[in-house]
Amino acid sequence: MKSTLAISAVIFTLGFVTLPVVYSDSDFRWGKMEEYGQKSTGVAAINNPVYKEECGSCHMAYPPGLLPASSWTKLMAGLEDHFGDNAELDAEALQAINAFLFANSADQSDYRRSRKFIRSIQSGEAPLRISETPYFKKEHDEIPDRMVTGNPKVNSYSHCNACHAKAEQGGFNEHDIRIPGYGRWDD
Amino acid sequence: MAPSANPERLTDVRKIEKWFKRNCKWTLGRECSAQEKTDLLLYINNPTNF
Numbered sequence: 001m002k003s004t005l006a007i008s009a010v011i012f013t014l015g016f017v018t019l020p021v022v023y024s025d026s027d028f029r030w031g032k033m034e035e036y037g038q039k040s041t042g043v044a045a046i047n048n049p050v051y052k053e054e055c056g057s058c059h060m061a062y063p064p065g066l067l068p069a070s071s072w073t074k075l076m077a078g079l080e081d082h083f084g085d086n087a088e089l090d091a092e093a094l095q096a097i098n099a100f101l102f103a104n105s106a107d108q109s110d111y112r113r114s115r116k117f118i119r120s121i122q123s124g125e126a127p128l129r130i131s132e133t134p135y136f137k138k139e140h141d142e143i144p145d146r147m148v149t150g151n152p153k154v155n156s157y158s159h160c161n162a163c164h165a166k167a168e169q170g171g172f173n174e175h176d177i178r179i180p181g182y183g184r185w186d187d
Numbered sequence: 188m189a190p191s192a193n194p195e196r197l198t199d200v201r202k203i204e205k206w207f208k209r210n211c212k213w214t215l216g217r218e219c220s221a222q223e224k225t226d227l228l229l230y231i232n233n234p235t236n237f
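Just so you know, the protein sequences line up as chains A and B, in that order. Each residue of the first sequence is one higher than the one before, starting from 1 at the first, in the working numbering. Each residue of the second sequence is one higher than the one before, starting from 188 at the first, in the working numbering.
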């Protein structure tokens with residue numbers, strides 16, 4: 001009887017401890033927010049001026065920690081036809097950007113969200129679009145089309161910073177999401 | 188694109204070459220010749236001469 005009570009107590013306590021973890025899909029973790037800092041909810045921020053200029057003037061400069069090195073290698077080898085446009089670079093810029101992308105790619109990163117991207121991609125796969133990765137799809141599958149592709153202020157999932165205000169700083173925390181015309185998003 | 192509209196245009200050789208390469212290959216399927224580049228630059232610099 002005593003042991004049954006003890007076991008019940010343990011199960012009861014465990015239930016309380018694990019409940020919030022199981023229940024919540026939130027990015028928020030109690031305590032340690034400062035210590036975790038960006039590492040808990042983001043990918044590395046972009047700190048390379050050549051990359052910002054060359055890869056951020058036609059579209060948003062995507063943080064390299066959103067794709068594995070194999071993806072960046074493939075993408076950079078095909079700049080002559082970069083999603084329908086010629087985006088070729090001179091040799092010097094190409095080398096600098098390749099080095100930056102590789103060093104900061106998701107597989108080289110300790111950032112929590114980079115690890116999630118990597119875990120979702122099958123080994124050998126090298127997706128060229130961030131929005132094609134399983135982790136991206138999972139994180140966006142509850143959002144109605146009218147808020148993104150049907151939303152004239154967003155238009156496409158490629159415009160991360162339309163809703164993720166801190167995207168270019170590597171911040172994708174759900175509390176920083178503001179969907180134009182709809183406001184906060186909480187899942 | 189014209190320097191008359193924006194004085195910073197055509198001041199950076201690397202930028203000029205980058206966009207010649209991209210746009211020539213995209214439009215003509217090949218890089219432009221020196222003569223073709225000269226023609227375009229002269230035109231953009233002073234369209235009234237043409």
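Think of the hints as simulated: they come from the structure by calculation, not from any bench. Among these hints, one or two may not hold up.
Claimed, not checked - From the derived model, a few chain A residues whose C-beta atoms are all more than 10 Å from chain B:
1. N47
2. A87
3. A96
4. R115
5. S120
6. G150
7. K166
Stated by the list, open to error - Within a straight-line C-alpha distance of at most 30 Å, the following computed BS3-like cross-link-like pairs (lysine-lysine) qualify:
8. B/K208 - A/K52
9. A/K74 - B/K205
10. B/K202 - A/K166
11. B/K224 - A/K153
Said to hold, decoys possible - Quick list of the computed label-pair ranges, beta carbon to beta carbon:
12. B/S220 - A/N98: 41 to 51 Å
13. A/R146 - B/L227: 43 to 53 Å
14. B/A189 - A/K138: 44 to 54 Å
15. A/M60 - B/R201: 14 to 24 Å
16. B/K212 - A/N47: 30 to 40 Å
17. B/N233 - A/H175: 52 to 62 Å
18. A/C58 - B/V200: 13 to 23 Å
19. A/P49 - B/A192: 21 to 31 Å
20. B/M188 - A/E53: 12 to 22 Å
21. A/L128 - B/N210: 37 to 47 Å
22. A/R184 - B/A192: 18 to 28 Å
23. A/R184 - B/E204: 22 to 32 Å
24. A/L79 - B/Y230: 36 to 46 Å
The beta carbon of each residue, even a glycine, is placed where N, CA and C say it ideally should be.
Quiz item: Is the gap between the beta carbons of A/R146 and B/L227 within 43 to 53 Å?
Solution: The hinted range 43 to 53 Å holds for A/R146 and B/L227, with Cβ atoms some 44 Å apart.
Quiz item: Do the alpha carbons of B/K224 and A/K153 lie within 30 Å of each other, as the hint requires?
Solution: Status violated; Cα separation ~38 Å.
Practice problem: Evaluate the given range 22 to 32 Å for the C-beta pair formed by A/R184 and B/E204. | Solution: With a Cβ separation near 46 Å, A/R184 and B/E204 fall outside 22 to 32 Å, so the hint is violated.
Quiz prompt | Distance restraint hint 37 to 47 Å, applied to the beta-carbon atoms of A/L128 and B/N210 | solution = 23 Å, violated
Quiz item: CA of B/K202 to CA of A/K166, is that 30 Å or under?
Solution: Holds: B/K202 and A/K166 sit about 29 Å apart, inside 30 Å.
Quiz item: Is the distance from the Cβ of A/C58 to the Cβ of B/V200 consistent with 13 to 23 Å?
Solution: Distance hint for A/C58, B/V200 holds at roughly 20 Å.
Quiz item: Taking 18 to 28 Å as the hint, is the beta-carbon distance of A/R184 and B/A192 inside that range?
Solution: 41 Å, violated
Quiz prompt | Reported absence of A/A96 from the contact zone with chain B (all CB gaps over 10 Å) | solution = 13 Å, holds
Quiz item: That 21 to 31 Å hint for A/P49 and B/A192 (C-beta), does it hold up?
Solution: 26 Å, holds
Practice problem: Could you say whether the range 44 to 54 Å given as a hint is met by the Cβ separation of B/A189 and A/K138? | Solution: 48 Å, holds
Quiz prompt | Nearest-CB test (10 Å) between chain B and A/S120 | solution = Holds, because the least Cβ-Cβ distance between A/S120 and chain B comes to about 33 Å, which exceeds 10 Å.
Quiz item: Is it the case that A/N47 keeps its Cβ farther than 10 Å from each residue Cβ in chain B?
Solution: 22 Å, holds
The structure shown violates the earlier hints numbered 2, 11, 12, 21, 22, 23, 24.
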